[in-house]
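Student: Letter by letter, the chains look like this.
2 protein chains.
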Amino acid sequence: MIDPDRYIEMKRKRINRALQNALPAAGPPVVIKAMRSSLEAGGKRLRPVLTLAAADTFGVDEHEVIEVACAIEMVHTYSLIHDDLPAMDDSALRRGKPTCHRVFGEAVAILAGDALLTHAFEVLARYGRKEFCAQKAVRIIDELAKAAGVKGMLGGQILDLEAEGKELTAEQIEKIYILKTGTMLKAAVRCGAIAAGASESELVILTRFASSLGTAFQIVDDLLDIEGTAEELGKPVGSDSTHGKATYPAVFGCREASLKAEQFYRQAVEGLDELERPTELLCSLADRIVFRKK
Amino acid sequence: MIDPDRYIEMKRKRINRALQNALPAAGPPVVIKAMRSSLEAGGKRLRPVLTLAAADTFGVDEHEVIEVACAIEMVHTYSLIHDDLPAMDDSALRRGKPTCHRVFGEAVAILAGDALLTHAFEVLARYGRKEFCAQKAVRIIDELAKAAGVKGMLGGQILDLEAEGKELTAEQIEKIYILKTGTMLKAAVRCGAIAAGASESELVILTRFASSLGTAFQIVDDLLDIEGTAEELGKPVGSDSTHGKATYPAVFGCREASLKAEQFYRQAVEGLDELERPTELLCSLADRIVFRKK
Chain Z
1165 MIDPDRYIEM
1175 KRKRINRALQ
1185 NALPAAGPPV
1195 VIKAMRSSLE
1205 AGGKRLRPVL
1215 TLAAADTFGV
1225 DEHEVIEVAC
1235 AIEMVHTYSL
1245 IHDDLPAMDD
1255 SALRRGKPTC
1265 HRVFGEAVAI
1275 LAGDALLTHA
1285 FEVLARYGRK
1295 EFCAQKAVRI
1305 IDELAKAAGV
1315 KGMLGGQILD
1325 LEAEGKELTA
1335 EQIEKIYILK
1345 TGTMLKAAVR
1355 CGAIAAGASE
1365 SELVILTRFA
1375 SSLGTAFQIV
1385 DDLLDIEGTA
1395 EELGKPVGSD
1405 STHGKATYPA
1415 VFGCREASLK
1425 AEQFYRQAVE
1435 GLDELERPTE
1445 LLCSLADRIV
1455 FRKK
Chain V
1165 MIDPDRYIEM
1175 KRKRINRALQ
1185 NALPAAGPPV
1195 VIKAMRSSLE
1205 AGGKRLRPVL
1215 TLAAADTFGV
1225 DEHEVIEVAC
1235 AIEMVHTYSL
1245 IHDDLPAMDD
1255 SALRRGKPTC
1265 HRVFGEAVAI
1275 LAGDALLTHA
1285 FEVLARYGRK
1295 EFCAQKAVRI
1305 IDELAKAAGV
1315 KGMLGGQILD
1325 LEAEGKELTA
1335 EQIEKIYILK
1345 TGTMLKAAVR
1355 CGAIAAGASE
1365 SELVILTRFA
1375 SSLGTAFQIV
1385 DDLLDIEGTA
1395 EELGKPVGSD
1405 STHGKATYPA
1415 VFGCREASLK
1425 AEQFYRQAVE
1435 GLDELERPTE
1445 LLCSLADRIV
1455 FRKK
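Same order as they appear, the protein sequences are chains Z and V. Residues in the first sequence are numbered consecutively from 1165, following the numbering used here. Residues in the second sequence are numbered consecutively from 1165, following the numbering used here.
Incorrect hints may have been included.
Identical copies look the same in the list; a pair holds intra-copy or inter-copy alike.
Stated by the list, open to error - Below, a list of computed lysine to any residue pairs in the SDA-like style, where the Cα atoms sit at most 25 Å apart: (1) K1261 x I1172; (2) K1424 x I1369; (3) K1197 x Q1184; (4) K1294 x I1342; (5) K1310 x Q1299; (6) K1458 x I1196; (7) K1339 x E1228; (8) K1339 x P1193; (9) K1294 x S1375; (10) K1310 x R1290; (11) K1315 x A1205; (12) K1294 x K1310; (13) K1339 x A1190; (14) K1294 x D1306.
Since the hints were derived computationally from the structure, they do not count as laboratory data. What you are looking at is a predicted structure, and each value in this text was computed from that prediction instead of being measured.
Take these sequences, add in the hints, and give me the full structure.
Tutor: Here's what the structure looks like:
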């Protein structure tokens, strides 16, 4: 029996150590400090944990894919720094702490985000220079760049900005969700599996799993934003709705949104049946991710 | 006899066509438009021309390295967009046209820069998926990420921001120059050579060439900023000095700076003697780059 909480805790520590070591050893102190403090701001490490778990599912040890996991968390953290900027969401708090630009100023925050994005690819190049890893690295770089780019996360951020204050349909909201959160979550799972040597048909199954999980995760995030307390969340409650952002709960109400989340969760987990590998780990992680309290 | 002006013109056209085709085919129109218009704003294409010329020196045709050249120009263009932002240099004009954030707003400009940086690595991954290119691609990604990162261009931008209004020594100015311009120029030459299969000792020679050329280029840039007319340059004359930025001419005077530029140029060209390859092309390009009028 896998205890998902223990697994997450263990991997999170491993990832935090690796992130420390993966940061540039030299460079102007202020930008390194901004990168480090944003990375250390206590994120859930959901994406890199999924990368390690996907590799685990194929019997591949964490030390073989840890660079890949780190790169994904760096890209995620860069996106948070830039999303929080005054010109974007203008957020004062993130994970309960002042946002990067509030601490270091706007110029350094822009550059710290740029630096994390750039450094993620340096970390993947380092992975690719290990024996037999070049071709896998190239595929992973392709996946990550696509997931983070205009057809993925970055495209979602643009749509999100454009949607502020507008009425959206369920389809439009879902599209933003998929782009902003789903594509990176999918990439986290796929990159772990690619590094572990998964076949194309296995990747298809894992992609469906990650897509459904990503949407469920985002709906729960929005529900917690409404229902949670500021203390539990580390950001002002209702901060999404104050920006007039379209969210599932805002459009359908909390009860309907909650049912939707459960439906996506079931889709995610049931799809794994087709995978001829042990799926208990991924299923129990999905459970913890969707039915969380913060 | 190679006519450098004709060579540059020919390669520039080729690069412009390739950049058009290399842009993402889909995505939110506003960000694609911002990426495209920044890329099309009529840059000299100095870096990608050097990439093609480096490959040429090893007898490798442009079509084998054109993705590498495009990726380098994308990273360069991203850095211009972000450097121009209100939180950074707050520039209204670039290459004679309104800067990205003046046309598209700050949020889109930040995202367009992010998107170009991200897309550069997607383009390199695409290159790496061609036959026999994975290992070269991984090395090139490593080079480019390092050159663009905190130990390179981005680090230089931080030092430049920190230097505003301060008195700097010649060594400090040179360090900023090397980081901001030199590392990317060096990467442009090295990546072309790596893609063309250059040996380690050949790379050492080319690196020295590119380093000296980069410094000469930047000094000339600063001199033109003081001496040129706004029309020739496409940006307000003296725009560097109005920000109190440290430049060679500001510290040493124009005459001394001009001598310095010539000295670095000679260093660049003379070092090429050791290369057992035809060096006429690189020498004549260096000549055109340093002794230019705009």
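Student: Now look at each hint and say whether the structure bears it out.
Tutor: Cross-check of the supplied hints:
1. K1261 x I1172: within (22 Å within a copy, 51 Å between copies)
2. K1424 x I1369: within (21 Å within a copy, 62 Å between copies)
3. K1197 x Q1184: within (11 Å within a copy, 37 Å between copies)
4. K1294 x I1342: neither (33 Å within a copy, 30 Å between copies)
5. K1310 x Q1299: both (17 Å within a copy, 20 Å between copies)
6. K1458 x I1196: neither (29 Å within a copy, 36 Å between copies)
7. K1339 x E1228: Neither. Shortest intra-copy (34 Å) and inter-copy (37 Å) distances fail the 25 Å Cα cut-off.
8. K1339 x P1193: between (39 Å within a copy, 16 Å between copies)
9. K1294 x S1375: Classified as neither: same-chain Cα gap 30 Å, cross-chain 29 Å, threshold 25 Å.
10. K1310 x R1290: both (20 Å within a copy, 11 Å between copies)
11. K1315 x A1205: between (28 Å within a copy, 24 Å between copies)
12. K1294 x K1310: For K1294 and K1310, both the intra-copy (23 Å) and inter-copy (18 Å) Cα distances are at most 25 Å.
13. K1339 x A1190: Between copies only: 14 Å across, 40 Å inside.
14. K1294 x D1306: Both ways: K1294 and D1306 sit 18 Å apart in one copy and 13 Å across, limit 25 Å.
Against the hints set out earlier in the document, violations occur for numbers 4, 6, 7, 9.
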